[in-house]
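**Student:** From first to last, the protein sequence lines are chains A and B. First residue of the first sequence? That's 1 in our numbering, and the numbers climb one at a time after it. First residue of the second sequence? That's 1 in our numbering, and the numbers climb one at a time after it.
Rather than coming from a laboratory, the hints here were simulated on the basis of the structure. On a predicted model such as this, the values are computed, not experimentally measured, just so you know. One or more hints might be untrue.
Within a straight-line C-alpha distance of at most 25 Å, the following computed SDA-like cross-link-like pairs (lysine to any residue) qualify [said to hold, decoys possible]:
(1) B:K153 / A:V339
(2) A:K419 / B:D420
(3) A:K225 / A:D29
(4) B:K153 / A:E441
(5) B:K153 / A:R444
(6) B:K428 / A:K419
(7) B:K300 / B:D270
(8) B:K314 / B:E414
(9) B:K359 / A:E81
(10) B:K268 / B:A165
(11) B:K314 / B:D245
(12) B:K272 / B:D420
(13) B:K153 / A:R161
(14) A:K419 / A:D402
(15) A:K62 / B:Q347
(16) B:K153 / A:E153
(17) B:K153 / A:Q163
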Amino acid sequence: MTRLFAALAIMMSAIAAQAQEQVTTFTLDNGMDVAVIEDNRAPVVVQMLWYKVGSADEPAGKSGVAHVLEHLLFEATDVLESGEFSATVAANGGRDNAFTSYDYTAYFQRVASDRLELMMQMESNRMNNLRISQDDVETERQVVLEERNQRTENSPDALAREQIRAALFQNSRYGLPVIGWKHEVEQLDLQDTLDFYDLYYSPNNAVLVVAGDVEPDEVLALAEKYYGVIPAEEQLPPRERPQEPPQRAERRITYVDERVSQPYLVRSYLAPERDPGAQSEAAALVYLAELLGGSSFTSALGQALQFDTQTAIYTNASYSGSWLDDAIFSFAVVPSEGVSLTDAETAMDEVISAFMEAEIDPERMESIRTQLRASEIYALDNVQGLAQRYGAALSQSLTVADVQAWPEVLQAVTEDDIKAVAAKVFNRDQAVTGWIVSSQEEAR
Amino acid sequence: MLRIVIALCLSFLAVSAQAEIEIKQVTSPGGIDAWVVEEPAIPFIALEIRIRGGASLDLPGKRGATNLMTALLEEGSGEMSAQEFQTSLENLAASFSFHAYDDSMQISARFLTENKDEAVALLRQALVSPRFDQTALDRVRAQVISGIASDAKRPNSIASATFNAAAFGDHPYGTSPDGTVESVNALTRQDMIDAHRNALVRDRLFVSVVGDTTAETVGALLDDLLGDLPAEGPPLPEDVAFGLDGGITVVEYDTPQSVAYFGQQGIKRDDKDFFAAFILNRVLGAGGFESRLMTEVREKRGLTYGISTSLVPKFNAEMVLGSVSSANETIAEAIEVTRSEWARMAQEGMTAEELADAKTYLTGEYPLRFDGNAEIASIMAGMQMIGLTPDYVVDRNAFIEAVTLDDVNRVAAELLRPEDLHFVVVGKPEGLETTQE
């Protein structure tokens, strides 16, 4: 066990007040990382256990297995009956749930802080001791297929997003849906889920985040008692996933679905993500998204397409750097009644070109800096959000130091940084443009 | 003027742990009441305002006016255009949100302590002197109409709209607060002025302030912020009977998964049996993974990703509502299981163990809700609007504990009427047809 470092304060330069989050980290002897975030305002604690495995780590042909396994973790173990985990959390007045993404699978409970030990006892138990049957897998597979129906098959927007991702990524598993392709989910069996579980659910592939009214030393003692005794998985493979080759050709798709209520377009570019010790480009992309399409009132796209002209009723640019592999920078435009997708796309591209030509307004830069600083203060009001921030980052190869440096990296972004990263990202050979329409006639 | 100070201890399950939330009741010199919690730990303030009325105050033929007016509050006021207003807001790193609901308006604000005066002045301007410029009106109207068009193609929206229309007819609860394409297209700037005059009034507003401030300073802030709104508004709508009998309504829609909304007559929030009904709902359908419906429909049969029910006590009507989605081939079975669980609970009630588990959960979960400035502000404004006093925060768990097995099972028999349960199903459900009246 190594005690890395104690409390840390993030200084806010221009805003008088100081935003502080108290974070302590440890590594157990078996390789499990532990982060403790103290917030003593209410006697509540959140335990989040993050496994550094997500849908993008699945074997070929088994899409959806990470997520089906997440569902199955609420079934029986050697000491818990099926459903007893959540029932026990509820009987202690708490809430629990879990989620799966491309890069991680996480389980959490929110309870009164003196119930932490019970939560750790149960959470550590299901890391290695699941007792599931083929029947369990078949029932839960049906539940997941209904989840896919609800989230994806019933939503033309979700189906379009799935098609765009599949076209954008040529080699990365980011091109497959987290929930899995329907035909592959239908075939998942007990052995598939157990293979995944046995290999990846181990302390040396996990990050424990405990946030709330707790003392770091107590958390460490409990973590050693419950998680520290679980042996490391010797066979855990290095996390080397298929990477994108150089992309050499623009892709365009038209998704037609009668359930689309009005035509719109999406453009998604491959973009750099936050990397350990190298977060500057990602920080510049946060500004780029704000400047081009953050607020419909003040961003370049909003002003040009929604105010100066009535080309669109909605515009947006979005970017998140929280990925282990490549990130995405996206635009979306919903044209006004009577404006064709061709004209809307041309108008969007003119805004992007004009942005690249012009100086960036220093007042807009200052406003975004202020908002980012303030967001650090507002973030302190949500301790589960802070837990999420650390858990996700540590599951995506970032370090605590990277998380704590991020606000300052954001403050240091210059106009030149933004232009440089924009020139690199806005390459149509690494992009997909999708038109989403209810009929071929609208695709004009 | 500080009228009463009530210090409340929220008891947690944890014997050792107690959270203290000190709710101070304040009346401004101008007569506006508010609940205040001083929480200096983080340098920002959350402000929450609710105003009774909301979209139910739409004038005849003007459906959607209150909703559109509310959306325009952030689109220019005083001397500022929409863009100037938003630029000022962004420079302050403050955020405001304005929503019109069936029965009320909700205004939420969040701002840094150091920007308090400027942020309050900006919020005041939005509430008291919105401009309703024609260009902004037309721009936002197009956005609202786009939302209406997209609701018309979403199975969930189709289901709830069909259900509400059948249950409430011409009462405001029977139609969407957004209005229709026709009604929204016909709205004028004068309609916005009328809707604003009617919806934002002092005598039915409820305020809470939580964060880095003191109760002593809130009074002046309230008068400054809200003092120039009109004192009174038009009468609120009358109560309406839930007009839907038991049965099934199928709305044909080409989509792979059917969406069902279901419900029946409910129970009033101030009914003496409300807490018994609340526990009943927890065990039947609101209980996450532990509820009977979740166990039977999802865990045992894999028919759905989620099924849930809730008590919906509105001001003018009350319902027990639920929703479930299942593939077109299996929705009929999901509905059959739901109906039979409804009947089983009505006939047999719950076990002592189920009651005990529900009580432990509900009493343990309650204090966990008070976990942020904005959350506390929202809870306190909601409490005021339904006529609760600050000591409810302390007493509420005792109300839950006081419910006996006899109470809850008597209420189950009285409230749950499987033969009156109506399902609206949107999709291509196999083996289901609209029942005859």
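**Student:** Evaluate each hint against the coordinates.
**Tutor:** Hint by hint, here is what the structure shows:
For the given pair, K153 of chain B sits about 21 Å from V339 of chain A by alpha-carbon distance, which is consistent with the 25 Å threshold. With a CA separation close to 64 Å, the supplied pair K419 of chain A and D420 of chain B exceeds the 25 Å bound. Of the supplied pair hints, the one linking K225 of chain A and D29 of chain A holds, its CA atoms being roughly 12 Å apart against a limit of 25 Å. Of the pairs offered as hints, the one joining K153 of chain B and E441 of chain A holds, with about 19 Å between alpha carbons and a cut-off of 25 Å not exceeded.
For a cut-off of 25 Å, the pair hint linking K153 of chain B to R444 of chain A stands: about 22 Å separates their Cα positions. Annotation: proposed proximity of K428 of chain B to K419 of chain A is violated, straight-line Cα distance about 51 Å (limit 25 Å). Simply put, K300 of chain B and D270 of chain B have alpha-carbon atoms about 36 Å apart, too far for the 25 Å limit, and the pair is violated. This hinted pair checks out: K314 of chain B and E414 of chain B have alpha carbons roughly 20 Å apart, not beyond 25 Å.
For the hint linking K359 of chain B to E81 of chain A, the alpha-carbon distance of about 22 Å falls within 25 Å, and the restraint holds. Taking the CA atoms of K268 of chain B and A165 of chain B, the gap is about 21 Å. The hint holds against a cut of 25 Å. Restraint check: the Cα-Cα separation between K314 of chain B and D245 of chain B comes to about 19 Å, which is no more than 25 Å; the hinted pair holds. Of the supplied pair hints, the one linking K272 of chain B and D420 of chain B holds, its CA atoms being roughly 23 Å apart against a limit of 25 Å.
Distance hint between K153 of chain B and R161 of chain A is fulfilled; the C-alpha atoms sit about 18 Å from each other, no more than 25 Å. The suggested pairing of K419 of chain A with D402 of chain A holds, with an alpha-carbon distance near 24 Å, which does not exceed 25 Å. Restraint check: the Cα-Cα separation between K62 of chain A and Q347 of chain B comes to about 46 Å, which exceeds 25 Å; the hinted pair is violated. Pair hint K153 of chain B plus E153 of chain A holds up; C-alpha atoms about 14 Å apart against a cutoff of 25 Å.
Restraint check: the Cα-Cα separation between K153 of chain B and Q163 of chain A comes to about 20 Å, which is no more than 25 Å; the hinted pair holds.
Hint compliance for this structure: hints 2, 6, 7, 15 are broken, all remaining hints hold.
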